[in-house]
Amino acid sequence: MASFGTTQKCKACDKTVHFAEMMSVDGIPYHKACFKCNHCSGRLSMSTYSAVEGQLFCRSHYEQLCRENGSSNKSPAAKQGEQKTPPSKVSSFFSGTQEKCAACKKTVYPLEKITVEGDFYHKQCFKCAHGGCLITPSSYAALDGTVYCKPHFAQLFKEKGSYSNISKKKNAGDTTPTDSETEPDPKPEPEPESTEELTN
Numbered sequence: 001m002a003s004f005g006t007t008q009k010c011k012a013c014d015k016t017v018h019f020a021e022m023m024s025v026d027g028i029p030y031h032k033a034c035f036k037c038n039h040c041s042g043r044l045s046m047s048t049y050s051a052v053e054g055q056l057f058c059r060s061h062y063e064q065l066c067r068e069n070g071s072s073n074k075s076p077a078a079k080q081g082e083q084k085t086p087p088s089k090v091s092s093f094f095s096g097t098q099e100k101c102a103a104c105k106k107t108v109y110p111l112e113k114i115t116v117e118g119d120f121y122h123k124q125c126f127k128c129a130h131g132g133c134l135i136t137p138s139s140y141a142a143l144d145g146t147v148y149c150k151p152h153f154a155q156l157f158k159e160k161g162s163y164s165n166i167s168k169k170k171n172a173g174d175t176t177p178t179d180s181e182t183e184p185d186p187k188p189e190p191e192p193e194s195t196e197e198l199t200n
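No gaps in the numbering here: position 43 of the sequence shown is 43 in the working numbering, and each next residue is one more.
Read the hints as simulated data drawn from the structure, not as lab findings. Since this is a predicted model, take the numbers as computed values, not measurements. Note that CB positions come from ideal geometry on N, CA and C, so glycine has one too. Hints should not be assumed to be uniformly reliable.
To be verified - In silico DSBU-like pairs for lysine-lysine, Cα to Cα no more than 30 Å straight-line:
| no. | residue 1 | residue 2 |
| --- | --- | --- |
| 1 | K106 | K127 |
| 2 | K106 | K150 |
| 3 | K15 | K32 |
| 4 | K105 | K123 |
| 5 | K158 | K123 |
| 6 | K127 | K113 |
| 7 | K15 | K36 |
| 8 | K127 | K100 |
| 9 | K150 | K100 |
| 10 | K123 | K106 |
| 11 | K150 | K113 |
| 12 | K9 | K32 |
| 13 | K36 | K9 |
| 14 | K150 | K123 |
| 15 | K158 | K127 |
| 16 | K113 | K100 |
| 17 | K123 | K113 |
| 18 | K127 | K105 |
| 19 | K100 | K123 |
| 20 | K150 | K127 |
| 21 | K150 | K105 |
What the hints assert, rightly or not - Here are the simulated distance ranges between beta carbons:
| no. | residue 1 | residue 2 | range |
| --- | --- | --- | --- |
| 22 | E53 | Y109 | 45 to 55 Å |
| 23 | T146 | S24 | 50 to 60 Å |
| 24 | S45 | Q98 | 42 to 52 Å |
| 25 | K32 | P137 | 28 to 38 Å |
| 26 | K32 | K113 | 51 to 61 Å |
| 27 | S139 | S45 | 40 to 50 Å |
| 28 | K105 | K9 | 19 to 29 Å |
| 29 | F19 | S60 | 24 to 34 Å |
| 30 | A33 | C66 | 23 to 33 Å |
| 31 | D14 | R43 | 16 to 26 Å |
| 32 | R59 | K9 | 47 to 57 Å |
| 33 | T115 | K32 | 38 to 48 Å |
| 34 | A154 | T48 | 50 to 60 Å |
| 35 | T146 | T48 | 46 to 56 Å |
Starting from the given sequences, assemble the full structure and let the hints guide the process.
Take a look at the structure:
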């Protein structure tokens, strides 16, 4: 007895797709039940899907991907021969990153990431080391890898002279040292000989 159907395989499950249950995207067959969002596994229809690098997404996850990556171009689904490629940027985007927060040592995701001097922070972990107040990349100062808000940095280090040379060096023509810049003489001046020694 002859069998009716196709020899096409579903891209998602790699099983034979019969005509009655087939959906085709750019010539790539799927079972209706396998036509799901790669992120949330929600069922899709021909009017509610978007394909990025050959992966299917529902509208909300596609929009999330576009907001975070800054792109809104739909790319066609992958060709049959490209099925065994390494994981794409899209799948690694949803699975997380290897970047760890310098403060709490936990994974930092793109939406909550602040990058400062090569270190990554969660927005809520980017705090002044002295007062614990939240800071931004435009309102911080760092010393030896420790971040501070500008007011606490000035309070802690300006008294010790960290800023004193900066303001004085702005005036490049001034070569005479000020009183604060002159170093005290490390050797005390010898005292005059006492009169007792002279009388003896």
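Right, here's what the structure says about each hint:
Distance restraint check for K106 and K127: the Cα-Cα separation of roughly 16 Å lies within the 30 Å cut-off, and the hinted pair is therefore satisfied. With a C-alpha separation of about 26 Å, the suggested pairing of K106 with K150 holds against the 30 Å cut-off. Simply put, K15 and K32 have alpha-carbon atoms about 12 Å apart, close enough for the 30 Å limit, and the pair holds. With a C-alpha separation of about 13 Å, the suggested pair K105 and K123 falls inside the 30 Å cut-off, and the hint holds.
Between K158 and K123 the alpha-carbon distance is near 27 Å, which keeps this suggested pair within the 30 Å criterion. Using a Cα cut-off of 30 Å, the hinted pair K127 and K113 holds, with the two alpha carbons roughly 13 Å apart. With a C-alpha separation of about 16 Å, the suggested pair K15 and K36 falls inside the 30 Å cut-off, and the hint holds. Taken as a hint, the K127 and K100 pair is honoured in the structure, with Cα atoms around 16 Å apart against an allowance of 30 Å.
About 25 Å separates the Cα atoms of K150 and K100, which keeps this hinted pair within 30 Å; it holds. Proposed proximity of K123 and K106 is supported: the alpha carbons are some 13 Å apart, at most 30 Å. In summary, the hint linking K150 to K113 is supported, as the alpha carbons are separated by about 21 Å, within the 30 Å threshold. Simply put, K9 and K32 have alpha-carbon atoms about 13 Å apart, close enough for the 30 Å limit, and the pair holds.
With a C-alpha separation of about 16 Å, the suggested pairing of K36 with K9 holds against the 30 Å cut-off. Taking the CA atoms of K150 and K123, the gap is near 17 Å; set against the 30 Å cutoff, the hint holds. Using a Cα cut-off of 30 Å, the hinted pair K158 and K127 holds, with the two alpha carbons roughly 20 Å apart. Distance check on the hinted pair: K113 and K100 sit about 10 Å apart at the alpha-carbon level, within 30 Å; holds.
Between the alpha carbons of K123 and K113 the distance comes to roughly 6 Å, so the proposed pair stays at or under 30 Å and holds. Straight-line distance between C-alpha atoms of K127 and K105 comes to about 14 Å, which keeps the hinted pair within the 30 Å bound. At roughly 13 Å between alpha-carbon atoms, K100 and K123 fall within 30 Å of each other, so this suggested pair holds. At most 30 Å may separate the alpha-carbon atoms for a hinted pair to count; K150 and K127 meet this at roughly 11 Å.
Under the criterion of a C-alpha separation no larger than 30 Å, the hint pairing K150 with K105 is consistent with the structure, at around 24 Å. Between E53 and Y109 the C-beta distance comes to about 20 Å, which lies outside the given range of 45 to 55 Å. A C-beta distance of roughly 58 Å is found between T146 and S24, which places it inside the suggested range of 50 to 60 Å. Between S45 and Q98 the beta carbon distance is about 36 Å. The supplied range of 42 to 52 Å is therefore violated.
Between K32 and P137 the C-beta distance comes to about 48 Å, which lies outside the given range of 28 to 38 Å. Distance hint check: the CB atoms of K32 and K113 are about 38 Å apart, inconsistent with the given range 51 to 61 Å. Distance hint check for S139 and S45: the Cβ-Cβ separation is about 48 Å, which falls inside the suggested range of 40 to 50 Å. The beta-carbon spacing between K105 and K9, approximately 44 Å, falls outside the hinted interval of 19 to 29 Å.
A beta carbon spacing of about 31 Å between F19 and S60 agrees with the range 24 to 34 Å that was offered as a hint. Checked against the hint of 23 to 33 Å, the C-beta distance between A33 and C66 comes to roughly 27 Å, which is consistent with it. At about 19 Å, the CB distance of D14 to R43 agrees with the hint of 16 to 26 Å. Distance hint check: the CB atoms of R59 and K9 are about 27 Å apart, inconsistent with the given range 47 to 57 Å.
The hinted range of 38 to 48 Å is satisfied by T115 and K32, whose Cβ atoms lie roughly 43 Å apart. Separated by about 55 Å at the C-beta atoms, A154 and T48 satisfy the suggested range of 50 to 60 Å. Evaluation of the 46 to 56 Å hint for T146 and T48 yields a pass: the beta carbon distance comes to about 49 Å.
Of the numbered hints given earlier, the model fails hints 22, 24, 25, 26, 28 and 32; all others are met.
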